[in-house]
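Participant: The residues making up each chain are set out below.
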Amino acid sequence: MNVVINGDAMVLPETVNSVSRLLEHFNLEQKVVIVELNQHILDKSMHAETILTDGDRIEIVHFVGGG
Amino acid sequence: MNERYSRQMLFPPIGKEGQKKLREKHALIVGAGALGAANAETLTRAGVGKLTIADRDYVEWSNLQRQQLYCEGDAVRKTPKAIAAANRLKAINSEVEVIARIMDVGIQEIEELIEGVDLIIDSTDNFDIRFLVNDISQKHRIPWIYGGCVGSYGLSYTFLPGVSPCLNCLMDKLPLGGTTCDTAGVIQPAIQMVAAHQSAEALKILAEDFESLRGTLVSFDVWKNHFSSVNVSSLKNPHCLTCGANPVYPFLDYRNQTKTALLCGRDTVQIRPSALQDVDVAYLEKSLVSQGINVESNPYLLSFKINQARVVVFKDGRVLVHGVRDILQAKNLYHRFLG
Ligand SMILES: [Zn+2]
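For the record, the sequence lines run as chains V and A.
Using our numbering, the first residue of the first sequence is number 6, and each one after it goes up by one.
Using our numbering, the first residue of the second sequence is number 134, and each one after it goes up by one.
Please note: incorrect hints may appear among the correct ones.
[Claimed, not checked] Just a few of them, taken from the derived set where beta-carbon distance is under 7 Å, the chain V residues facing chain A:
1) N11
2) A14
3) E41
Hints were generated in silico from the structure; no laboratory data involved.
In this text the structure is predicted, and so the values were computed from the model without any measurement.
Glycine residues also receive a C-beta, built at the ideal position from the N, C-alpha and C atoms.
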């Protein structure tokens, strides 16, 4: 599947078909993240059931503590 | 009047009026690490009226690569960061009233620090303090600006009470043992990028140009060349315990205060006595020396080595134990030598 993540076009493996899977794919499942899908912020409870489709534009922001 | 602020006053959104407003303002910077140093320098050069900088640590060699206010002498002398920062800032701009506070910012401290403050800039290295800052910001209706940075990645958000969601709305949980600067490293350009976003927003707030505030959660990776700016206002939770209709400010509850903490992954444990009271450093030094222990000291702290561990005692009663693996080991040393 072709998607754009944080501005970068990339091809996702077929198994990565939901937002939760996507976060696992990037090793972000333990992180506190905010996901925007096609300019719409997803509620965290929706990550598992939100299915990705070809051409989606996704922004992933994760919080870090350093400073 | 000299030319000091002329270029900033020629910039129309600030102008003469903005400069005057900036001069009347008091900013509080929590944490004097890399982000704290960068923000403090910008605001000091810009001519903010008053700047309080609070930090619990002292300067070490590993800080010098990115913490722009410090130099080698500070690392050699183990100068507390708040003091080293204030010294440098006063040399940069003597017109700014700089207040250095050597302290671990907890509930009691933040309530005291907040007095008369117009803006809080977060330059801490952990979320325990950030949730405290978030609660106090909502309670006293004072804006704060979050900044976080690891590796080449960073992000920032401006929290405006009554307008934007709060940190508690954005983060439903604390990150579990996330990567820190001490495990993943950090590079100066990433710090500068976060600090630039923070201090630009700070200037807007202090010069009262609220309409120009960014309003989005900004994040970037200066190595992977990513940039993202996301509108998170839909995450404002009407039932939030901090900013909702019936706030309880959970992080200002003393029951939630940590007494011992492993500091940002560097084999260091901080022990904070339940009642902080000044330690007679000279007396302690004498007593340690009489036990044959080699002690180093400066007016703010003393340090000594026991086997693999180095113990640093601050005047306010806090103790850092470096080179230990766990909190228990640190506590043992603490009780053995400091009662
Ligand atoms: Zn909230």
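Participant: So, for every hint listed, does it hold in this structure?
Facilitator: Hints versus structure:
1. A least Cβ separation of about 5 Å between N11/V and chain A falls short of the 7 Å threshold, and the interface hint therefore holds.
2. Hint status for A14/V: violated, given a least beta-carbon distance of 13 Å to chain A, over 7 Å.
3. Nearest Cβ of chain A to the Cβ of E41/V: about 5 Å, under the 7 Å cut. The hint holds.
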